[in-house]
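Work out the full structure, taking the sequences as your base and the hints as a guide.
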Amino acid sequence: MAATADSSKPFFPLAGSSNDGWSNQDEATATCFCGAVQLSFPTHGPGFVNSFVCNCYDCRKITASMFASNFTIVDTHLKHVRGQENLKTFAQKKTIASGKLMTNYFCSTCGTLMYRVGEAFPGQSILRIGTVDDFSLHETKLRPQIEQFIKDRVSWFSGVDGTRKFDALGK
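Residues 1 to 171, numbered by the working numbering, are exactly what the sequence shown covers, in order.
Rather than coming from a laboratory, the hints here were simulated on the basis of the structure. Please read these numbers as outputs of a predicted model, since none were measured by experiment. Any given hint could be a false lead.
Unchecked claim - Derived lysine-lysine pairs resembling DSS-like cross-links, with alpha carbons at most 30 Å apart:
1) Lys9 x Lys94
2) Lys141 x Lys151
3) Lys9 x Lys61
4) Lys61 x Lys79
5) Lys9 x Lys100
6) Lys100 x Lys151
7) Lys9 x Lys151
8) Lys100 x Lys61
9) Lys93 x Lys61
10) Lys79 x Lys151
11) Lys151 x Lys93
Now the structure itself:
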């Protein structure tokens with residue numbers, strides 16, 4: 001985290017077009033880059049399932065990065081604050097490790113991947129840590145606890161310290 005930021009306090013840097021994100025003890029928001037889509041979610045149980053880094057090839061490709069930093073929320077606890085009608089989907093199962101359908105929900109304006117819903121994880125949505133508006137949560141409540149598909153990790157990334165490691169899907 002930046003030297004000027006205190007991870008014990010909310011931190012909302014200038015990032016993207018929206019400036020109305022929020023967080024409190026129990027909930028926070030995640031917003032796409034243009035601000036058209038905003039979600040709210042719990043930052044701890046019972047609706048918060050886990051946080052994890054995934055090195056699988058599918059996550060690498062869909063994020064245009066070498067890994068994805070994610071967190072899972074129970075669907076009954078995920079709220080669409082605005083822009084649900086602005087979400088577009090793309091679904092496929094060909095490259096998904098489980099072999100089951102994974103549906104991706106993107107902002108149709110800016111293209112931000114907001115979440116994924118997989119048949120292998122009924123009743124849950126997988127959100128991206130990078131969409132969360134309060135950046136202090138990236139270092140605290142949303143810090144990954146699991147790193148999965150380490151067998152597919154690029155050689156120049158040594159992984160996330162302090163996480164439980166799995167060669168494939170971690171549970």
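Results for each hint:
For the given pair, Lys9 sits about 42 Å from Lys94 by alpha-carbon distance, which is inconsistent with the 30 Å threshold. For the suggested pair Lys141 and Lys151, the alpha carbons sit about 26 Å apart, so the restraint of at most 30 Å is met. Note on Lys9 and Lys61: the hinted pairing is violated, with a Cα-Cα distance of about 33 Å set against a maximum of 30 Å. For the given pair, Lys61 sits about 27 Å from Lys79 by alpha-carbon distance, which is consistent with the 30 Å threshold.
At most 30 Å may separate the alpha-carbon atoms for a hinted pair to count; Lys9 and Lys100 exceed this at roughly 40 Å. Distance check on the hinted pair: Lys100 and Lys151 sit about 21 Å apart at the alpha-carbon level, within 30 Å; holds. Note on Lys9 and Lys151: the hinted pairing is violated, with a Cα-Cα distance of about 36 Å set against a maximum of 30 Å. Proposed proximity of Lys100 and Lys61 is supported: the alpha carbons are some 18 Å apart, at most 30 Å.
For the hint linking Lys93 to Lys61, the alpha-carbon distance of about 14 Å falls within 30 Å, and the restraint holds. In summary, the hint linking Lys79 to Lys151 is not supported, as the alpha carbons are separated by about 34 Å, beyond the 30 Å threshold. Annotation: proposed proximity of Lys151 to Lys93 holds, straight-line Cα distance about 21 Å (limit 30 Å).
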